[in-house]
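K.L.:
Please model the entire structure based on the sequences and the hints provided.
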Amino acid sequence: MVAAVYASALAAALFATGSASAPGVSLETVGEFAPPAASATSKAVTYDQNLVPKGAWIRVRQHTQRNGATTVQLRVTGVKPGHVFGVHVHQKACGADPAAAGSHYQDKAGMDAGHVNATNEVWLDFTSDSHGSGMATAQHSWAFRKGEAGSVVIHSEPGTKGSRAACFTVPFGAKS
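Numbered by mature numbering (1 follows the signal peptide of the UniProt record, and there is no 0), the letters in the sequence shown go through residues -22 to -1, 1 to 154 in order.
Bear in mind the hints are in silico, worked out from the structure with no lab data behind them. Incorrect hints may have been included.
Below are the DSS-like pairs computed for lysine-lysine, each with C-alpha atoms no more than 25 Å apart in a straight line [unchecked claim]:
# : residue 1 : residue 2
1 : Lys124    : Lys21
2 : Lys86     : Lys32
3 : Lys86     : Lys70
P.N.:
Now the structure itself:
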């Protein structure tokens, strides 16, 4: 019990920012990673505990302005120190199978080579520091379509390479 209280306090301290948002729609989701077998109630699933160990934390913030412009912020702690991760928003919620999250969410759907880029997708690649913490921000002029963006997938390598190391289910907001 004491460990759980300490972990919650640690996560709150790590993810506190105190910043105010511009008018629009904001969402913040925080989770602690667990292996698929233990994550029946967890929104954060780790598939590769060498990169994203059980007990690592994640926070995702989304802010969509009234004009539709969207900012997504990612912050993690407890991941493998000094590693370069690829991170993208995916179409579906996480599951025990890494493929459950589906493909990358795209503003202009197509998944051909011309559409797979940081302008049409939300890319949050980062390098973790020596303590295993990292952060990234992506800004776009568009908003998520209702029901079409469901998770953030952490990949073992940046860009479009790498296996799915972890997944975090996020109820991304939609256009008004």
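K.L.:
None of the hints should be skipped; say for each whether it holds.
P.N.:
Here is how each hint holds up against the structure:
1. Lys124 x Lys21: Roughly 19 Å between the alpha carbons, so the hint for Lys124 and Lys21 holds.
2. Lys86 x Lys32: The hint is violated at about 35 Å.
3. Lys86 x Lys70: Holds. Lys86 to Lys70 sits at ~17 Å (cutoff 25 Å).
Hint check: a violation occurs at hint 2 only; the rest are consistent with the structure.
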